[in-house]
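**Q** Letter by letter, the chains look like this.
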Amino acid sequence: MTTAETESVESFRARARDWLAGNMPRLDENAPPPALGDDDEEWVRARELQRMLYAGGFAGICFPVEYGGLGLSLAHQRAFTQETAGYEMPVQLNIPTFSIVCATLLDMGSEEQKRERISAAIRGDEVHCQFLSEPSGGSDLAGLLTRAELDGDTWILNGQKTWSTSAYAADWGLCLARTNWDVPKHRGLTMFLIPTRAPGLHMNRVKMVNGSREFCEEFFTDVQLPATAVVGEVNDGWAVASRQLFHERNAVGGGSPFVSGLAGRPRALGGQSPFTIARATGRAAEPGVRERVGEWVAMETVQHQMVARVGRAIGTGALPAPAASLLRLFHAESAQRATDLAMDVAGAQIAAGVGTEEGVVGRAGIAYLSRQGASLGGGSSEMARNQISERLLNMPREAAADRDIPFNQVKRGRA
Amino acid sequence: MTTAETESVESFRARARDWLAGNMPRLDENAPPPALGDDDEEWVRARELQRMLYAGGFAGICFPVEYGGLGLSLAHQRAFTQETAGYEMPVQLNIPTFSIVCATLLDMGSEEQKRERISAAIRGDEVHCQFLSEPSGGSDLAGLLTRAELDGDTWILNGQKTWSTSAYAADWGLCLARTNWDVPKHRGLTMFLIPTRAPGLHMNRVKMVNGSREFCEEFFTDVQLPATAVVGEVNDGWAVASRQLFHERNAVGGGSPFVSGLAGRPRALGGQSPFTIARATGRAAEPGVRERVGEWVAMETVQHQMVARVGRAIGTGALPAPAASLLRLFHAESAQRATDLAMDVAGAQIAAGVGTEEGVVGRAGIAYLSRQGASLGGGSSEMARNQISERLLNMPREAAADRDIPFNQVKRGRA
Amino acid sequence: MELELTADQKLFQSSARSLLEKDHSLDRLRGLAPGEPAWDRDSWQRGAELGWAATIVPEELGGGSVSGEGVRDLTLLAEELGSVVAAGPFLPVNVVLAGLVAAHGSGPDHAATIESLVAGEQVATWAVYEPGGQWAPEAARVAATPTGEGWRLDGTKDRVEAGLEADLLLVTATGPEGLVQLLVPASAEGVAVSPQWALDLSRPLAEVRFDGVVVGAEAVVGTPATTPEVLERQLQIALLVQCAEMCGGLDRMFALTMQWGFDRYSFGRPLASYQALKHRYADMRTWLEACHATTQAAAEAVQAGSADAPQLVSVAKSFVAERAQWILQDCVQLHGGIGVTWEHDLHLYLRRATSDRALYGTPEDHRRRLADLSSL
Amino acid sequence: MELELTADQKLFQSSARSLLEKDHSLDRLRGLAPGEPAWDRDSWQRGAELGWAATIVPEELGGGSVSGEGVRDLTLLAEELGSVVAAGPFLPVNVVLAGLVAAHGSGPDHAATIESLVAGEQVATWAVYEPGGQWAPEAARVAATPTGEGWRLDGTKDRVEAGLEADLLLVTATGPEGLVQLLVPASAEGVAVSPQWALDLSRPLAEVRFDGVVVGAEAVVGTPATTPEVLERQLQIALLVQCAEMCGGLDRMFALTMQWGFDRYSFGRPLASYQALKHRYADMRTWLEACHATTQAAAEAVQAGSADAPQLVSVAKSFVAERAQWILQDCVQLHGGIGVTWEHDLHLYLRRATSDRALYGTPEDHRRRLADLSSL
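Protein chains in written order, with the numbering used here: chain A, 157 to 571; chain B, 157 to 571; chain C, 34 to 409; chain D, 34 to 409.
Hint data in this document are derived by calculation from the structure and do not stem from the laboratory.
Using N, Cα and C, we set each Cβ at its ideal position, and we do this for glycine too.
Some clues are possibly wrong.
Claimed, not checked - Chain D is faced by these chain A residues, among others (derived, beta-carbon under 8 Å):
#, residue
1, W199
2, V200
3, T432
4, A434
5, R439
6, G450
7, M462
8, V466
9, I470
10, P478
11, L482
12, I544
13, S545
14, P552
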């Protein structure tokens with residue numbers, strides 16, 4: 157597409173506004189937030205909504221035309237997203253399908269992988285997920301133990317993964333496995349693109365303290381994969397994973413061009429902000445409560461301002477890519493502060509619900525139980541601090557006891 | 157002294173109460189706190205007060221009789237201290253004279269050093285100080301650069317020290333110097349007991365942000381010391397310094413048996429607590445202010461409760477000696493929280509004084525400027541956290557780039 | 034924990050531990066179906082047989098403590114129960130006993146009730162919160178109206194611990210001449226108890242409506258003159274139990290997280306070798322010691338009936354409840370993802386600590402109370 | 034900092050830097066004797082010649098900005114001044130100009146005053162605080178009484194920045210029909226200015242007494258209808274200057290502390306190699322970016338006159354003032370003992386930030402304002 161053919165942002169915005177008004181269903185502001193742990197219907201709905209966007213010509217705004225997208229700029233995407241306020245949107249597809257998996261395939265995938273997977277996702281026909289973390293792994297992703305061995309032309313996969321967001325709803329997943337144990341850990345990994353319904357793949361949903369069941373764990377027993385399942389090069393899977401991690405940080409931080417549509421109220425709080433709680437508990441007149449609600453308003457606002465500034469700066473090169481960790485860290489802080497403030501504001505009411513229902517305030521209590529989610533998901537805050545100090549501030553790297561050591565000689569713990 | 161001869165704590169307490177009432181001057185509750193940076197008179201007064209205690213038979217309560225003390229128990233000392241509420245006491249002599257220098261000499265000094273220095277201090281004739289830290293040193297005390305070289309029977313001392321508390325008021329100081337550069341850092345140090353008026357010793361007072369001038373820096377140029385100046389063994393000075401550090405932590409934390417007399421209001425706040433500030437600013441009726449004053453009351457109380465519990469536990473062996481770092485760390489936290497709360501309570505009034513005087517609220521502002529003093533003096537909070545995690549919780553020690561390396565091969569920074 | 038225990042106290046502690054291991058598994062708690070009772074009366078009865086409702090009741094009223102210092106024994110026990118997030122009416126029964134014992138000798142006699150509570154035959158609870166309200170017992174809106182022979186009660190209480198199971202409700206109400214506390218049988222006509230969703234899985238709560246409930250004059254606990262101090266005593270015991278059980282839970286979860294730090298490797302070395310984490314362990318260890326220090330100091334003051342007992346329980350509650358949150362959330366963080374799964378134990382402790390933080394005065398409430406008590 | 038500057042803005046910035054280097058040394062500030070003026074009018078005049086009082090004044094009133102976005106230029110400048118804790122009447126002069134410009138066209142004409150302030154010929158300041166009071170301009174106790182031809186002023190203001198040096202005082206007072214702002218010559222009869230101890234060495238404060246001070250009707254700024262928005266504009270400019278100067282100071286001190294981390298060795302390796310410290314540097318770096326983000330967003334909103342400008346300045350002030358404390362105190366901690374010596378630069382910045390935190394609304398004040406603005 158030449159410059160002459162590109163629609164102006166404002167024209168695109170106007171067209172999107174009209175189209176949205178004429179075609180997309182309005183959000184029901186009064187609908188209760190969906191119960192956590194029972195979101196199968198949401199996924200069906202997300203695919204439907206994505207198909208509508210695709211039919212209307214507003215899907216995959218920043219993806220290249222040859223893979224089913226519109227090939228437009230971040231400014232177009234942002235304009236579209238702003239216009240979606242008040243409409244139902246398939247926001248579940250933003251992370252990981254579009255902004256992590258498709259973004260990574262775009263960078264590192266084979267032509268076939270790009271053509272098939274990205275366009276299917278844009279059409280609303282497929283959902284993608286990631287099989288990265290392992291139970292023994294924590295922050296040390298590259299220390300993973302799942303193995304893939306070549307048997308003729310076929311890869312045989314064995315091992316266990318966990319923390320796969322929404323994997324139960326997905327069709328394909330990016331799976332990182334060890335293919336060489338005699339070299340240092342980063343050099344023996346390979347990334348595979350695998351169907352979630354492959355024989356030998358068994359999946360469970362993990363129940364979280366807030367009742368959510370969005371994470372899955374998977375057991376791979378002699379799962380067979382063709383050579384074309386490899387993404388990037390054999391034993392160069394870490395390069396692919398690094399792109400995924402970059403895109404994940406960017407997406408979680410709000411800087412991704414592949415995120416489309418406003419998410420509405422943040423789910424982490426179950427819609428129960430300190431403001432809502434102050435109203436619900438009848439404490440809005442107390443000065444201490446007002447102070448805390450104001451603090452929340454400020455933190456939320458600064459969080460958005462950070463995303464805008466750092467996203468822009470990474471875009472222009474004013475800040476290097478690892479600056480995305482600034483967003484990651486600040487997001488965790490503001491999300492956590494919100495749960496703390498909600499608890500403070502609720503005071504004695506946080507302990508109980510309304511009748512046998514948890515109610516507005518009880519949901520804030522439950523959100524408080526998963527307070528750390530914001531500094532664990534998408535890499536821990538500790539890893540973000542390592543990134544910032546080492547990659548952005550150029551401080552000396554942490555001594556790693558597994559650096560340059562063949563992986564089969566690295567010490568492992570008991571947990 | 158046999159058990160039969162030991163006076164009961166309650167009898168001692170009663171006798172102390174009577175004697176204090178009859179002999180010690182009462183504290184003037186209405187006297188303004190002495191101006192920081194001009195405390196020479198206080199030192200003259202401290203010696204006078206100590207002489208009174210000695211004359212009355214209440215000096216050196218926990219020091220052995222043969223070195224001029226009373227040889228009584230910690231319980232006796234605590235009872236005495238409780239009774240001193242409302243009286244002027246020579247509290248300046250507690251740290252470092254009695255609880256660090258004399259305590260260390262008691263553990264490690266020669267018989268002559270103990271007989272002469274401890275008894276002189278108990279009589280009120282001498283004040284002691286420490287020459288430990290160096291400008292390049294920070295937390296790495298053992299990495300010091302001051303050197304002592306033997307010339308015949310005479311040690312020749314050259315180098316620079318700093319952060320010597322109240323050294324300007326002292327007669328003798330414990331000075332750690334390097335006597336062997338070819339061995340790892342801890343093994344080449346020797347402790348010396350030196351007169352502060354020795355030829356070649358030049359001393360300056362260091363002005364702090366709060367106006368205090370209690371710290372000194374010293375320059376040693378060919379200072380000559382006899383062989384008897386060595387405390388402990390040559391090249392075994394680290395053992396002596398370790399005792400000093402232990403006693404310092406214990407004293408700062410409030411667990412020392414050699415601390416006598418109630419200190420009155422903590423000096424760190426310049427007497428300006430959040431409570432006082434709430435009164436002075438007329439904000440005592442505001443709920444947010446009341447909450448903060450209550451928080452301060454709680455922190456202060458817990459701080460005392462910690463000292464009592466941990467002090468007792470170290471005494472009985474229920475907790476090992478490094479538990480003193482718990483006190484060190486908590487003390488810093490509570491002192492810092494107090495300055496923060498005072499600032500919050502003062503609100504807009506912290507910026508200004510009353511007329512050309514700083515006034516009550518201005519002093520809280522000044523105290524806030526030296527907020528970190530509490531987590532820097534007597535070893536930083538970072539070192540306390542290292543101690544707790546490594547010595548109390550037995551976690552792996554930090555990698556030290558200078559361990560087991562001859563000191564003359566250790567890397568040094570530019571600052 | 035207490036740093037030094039007598040042989041009797043150790044025995045008392047170990048008998049409690051045995052029963053707790055048998056009756057109070059965390060897996061059972063985690064597996065409760067909605068509406069399923071968190072504890073049963075048999076189990077509570079077994080606890081009562083070990084003296085769990087006896088420590089702060091004088092021997093002449095059927096109680097007794099192993100050390101002669103009942104409040105100290107109570108906190109010792111509360112630590113043990115807290116260390117396994119034990120379900121059951123330990124807190125409300127002891128709080129009601131605290132009130133009845135404090136009122137003993139003023140107002141109607143409740144000796145028989147005390148005896149049956151000590152024996153575990155009856156269960157009682159304190160109905161003090163009101164719907165939508167914060168901690169404000171002195172502002173009770175439940176109305177107690179004199180009827181001539183007795184009292185009529187109207188209004189609603191909520192967040193009543195063990196409300197569904199209790200035989201007796203100690204109701205803090207407002208009468209024509211101020212606060213009055215009434216001991217009301219849950220079976221009385223006009224009492225309607227309904228379950229209320231609770232954050233703490235181990236402590237079911239209930240809402241209790243009083244609709245023209247009539248009780249005799251003998252239902253009164255204390256007199257107008259003694260009611261304030263009886264209320265204060267109830268609060269003090271509630272706070273001590275909360276603080277001690279939080280301490281017990283923190284000890285357990287900190288130990289678990291310590292072990293995790295040694296066992297879990299990342300980048301070829303244990304988590305416990307990372308300075309940034311070591312420093313956080315050091316902070317937690319420090320706060321944990323401070324939690325114990327202030328809880329034990331408060332227990333001593335309440336035991337001794339010291340003039341500063343009201344201050345010291347508020348100091349302890351405001352401090353422990355805040356630090357419990359800091360410590361437990363950091364334990365979650367150090368565990369990583371599994372720390373926020375339903376299968377992990379941490380959330381059970383976090384639920385208890387969050388609920389303890391909320392009830393009987395939040396840290397903020399107690400800080401304001403400390404300002405009051407300091408004559409600010 | 035602004036991430037992208039135009040060539041004109043860069044020139045504006047570098048001219049400011051040159052003057053600041055020449056006129057505003059930290060050593061001079063540190064060495065001030067008690068009562069010695071922190072700045073002189075010549076120096077301010079030189080600043081005014083570089084446009085330091087012109088940015089937010091329209092060209093037709095004698096002002097002008099290099100970028101055409103005066104508020105953005107003002108914050109750019111404030112960062113530069115903040116980075117060296119520059120002494121001088123930059124904040125009060127610009128705040129008064131903000132008010133006069135906002136009121137221009139309503140009420141008496143102050144074009145001549147504006148012009149002389151822009152040129153640096155006169156110095157003006159805002160007298161808004163009152164002794165013992167918090168931030169509450171709407172509750173001014175200084176009384177403005179109509180005299181027929183003009184007004185009489187009675188009462189006392191304090192914490193008046195540059196009060197001793199100012200030629201003109203913009204006084205926020207209460208008249209019979211509400212708030213009224215009057216521009217009063219410091220030389221008027223009945224005005225008594227006395228120095229007041231200030232935490233910030235670079236910003237002398239004064240107490241100003243008005244004892245039957247009589248001014249003409251032309252002294253009024255704005256009208257009863259415009260006064261609220263004029264006041265709001267003054268506040269917005271004061272807050273932006275504060276936030277931007279804190280950002281500038283934080284940049285400088287963070288860079289200094291970074292360098293220290295690399296240069297200072299402990300146990301044979303640089304401080305910057307210790308994970309516990311690295312993580313704190315990472316936190317500081319994050320907060321610093323957030324401080325810039327919110328300050329620039331607020332500047333944009335004020336520049337554009339957006340409806341959310343009142344919110345965004347309060348967001349920025351409440352956030353930046355709090356984080357400035359966290360960052361600066363941790364910079365002190367990382368420096369160790371020398372960070373709390375008089376000879377070190379850090380306390381000069383800490384004094385400024387602490388004073389900025391206190392004045393024109395504390396973070397707590399602005400949080401409550403945010404609750405108001407959110408219609409809670």
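**Q** Checking each numbered hint in turn, tell me which of them this model violates, lowest number first.
**A** 1, 2, 3, 5, 9 and 10
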